[in-house]
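S.K.: Produce the complete structure using the sequences and hints provided.
Going by the UniProt record's numbering, the sequence shown opens with residue 1, and the numbers climb by one from there.
The hints are all genuine.
30 Å max Cα-Cα, derived DSSO-like pairs, lysine-lysine: (1) K163 x K74; (2) K81 x K166; (3) K236 x K106; (4) K74 x K158; (5) K56 x K200; (6) K171 x K200; (7) K217 x K171; (8) K171 x K214; (9) K194 x K214; (10) K222 x K74; (11) K236 x K147; (12) K166 x K236; (13) K58 x K228; (14) K171 x K222; (15) K171 x K77; (16) K81 x K143; (17) K81 x K236; (18) K74 x K58; (19) K228 x K171; (20) K58 x K166; (21) K81 x K68; (22) K228 x K68; (23) K68 x K236; (24) K171 x K194; (25) K77 x K147; (26) K56 x K68; (27) K222 x K81; (28) K143 x K106.
Derived CB-CB ranges, DEER-like: (29) E164 x E213: 24 to 32 Å; (30) T113 x T206: 53 to 61 Å; (31) N85 x Y115: 16 to 24 Å; (32) K217 x N142: 52 to 60 Å; (33) T155 x A229: 13 to 21 Å; (34) D91 x N71: 33 to 41 Å; (35) K200 x K68: 34 to 42 Å; (36) S177 x L75: 27 to 35 Å; (37) P117 x S224: 43 to 51 Å; (38) N85 x K200: 41 to 49 Å; (39) T155 x K68: 18 to 26 Å.
Hint data in this document are derived by calculation from the structure and do not stem from the laboratory.
In this text the structure is predicted, and so the values were computed from the model without any measurement.
All C-beta atoms in this analysis are idealised placements derived from N, C-alpha and C, irrespective of residue type, glycine included.
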Amino acid sequence: MIYFVYQILPHNCRSVRSILCSSLFLQKKGKKGAKAVEEEPVQVDAKDRIDFDSAKQKLQAVVDRFAKYANDAKLGKTSPKVFDNLMVQTDHGDQPYTSLAQTSIKGRNFIMTVYDPANIQRIINSVLGSGLNLNPVVDPSNKLTLKMPLPPITTELKNESVKELKNVYEKLRNGASLGKNHTLSSIRADARHKLTKNKKLDNLETEVWNEYEKLHKIYVSKLSEMIKAAETAIMK
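M.R.: Structural data, given as structure tokens:
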């Protein structure tokens, strides 16, 4: 809103009209001016963009995960975990085997300890239909225990175990991120993204990236050594 104010001067002076702006108008203008002021973006030094301690923990977690796979591969079909993905038909629908029983190895036999006697025959049927070529029988000394001999370790089974292990190795080394489980490749890509979104690196960024690449190669080597050792152990 604009007010017109007239000032009466002496007769020897002519009238002068002044234009004044209301305080409300001036305040609004001041607010608009304040909005125009933007803070300068905070620049993060290149060496602080990659958390090397966190990266080491993630890379080591990948190596540890592969070590677990390698250990299971050495056992092959003689691992108690061979039944972990088995589903059993019950009165309450299909249930995972691991919720109904647990498996251990004693001598040259699998020993299944079943929690509910009502599921004994159901578990036997599931194992027979699993394609594992195993035939569980009830232990005469314990009606809640199923017993079956370990499968023979043939060259065919060994080759199958090595093939499966190599697939896991490739996924953990070069694959995309597996949900919350990182791979070496996805951790590397994340580090690169944090360092710069541009295709070209400046001198300081290049120095930091070279340092990360050295770290990455250490864990790639660890993974490579582990799969070689596991293959040798499996094929003995």
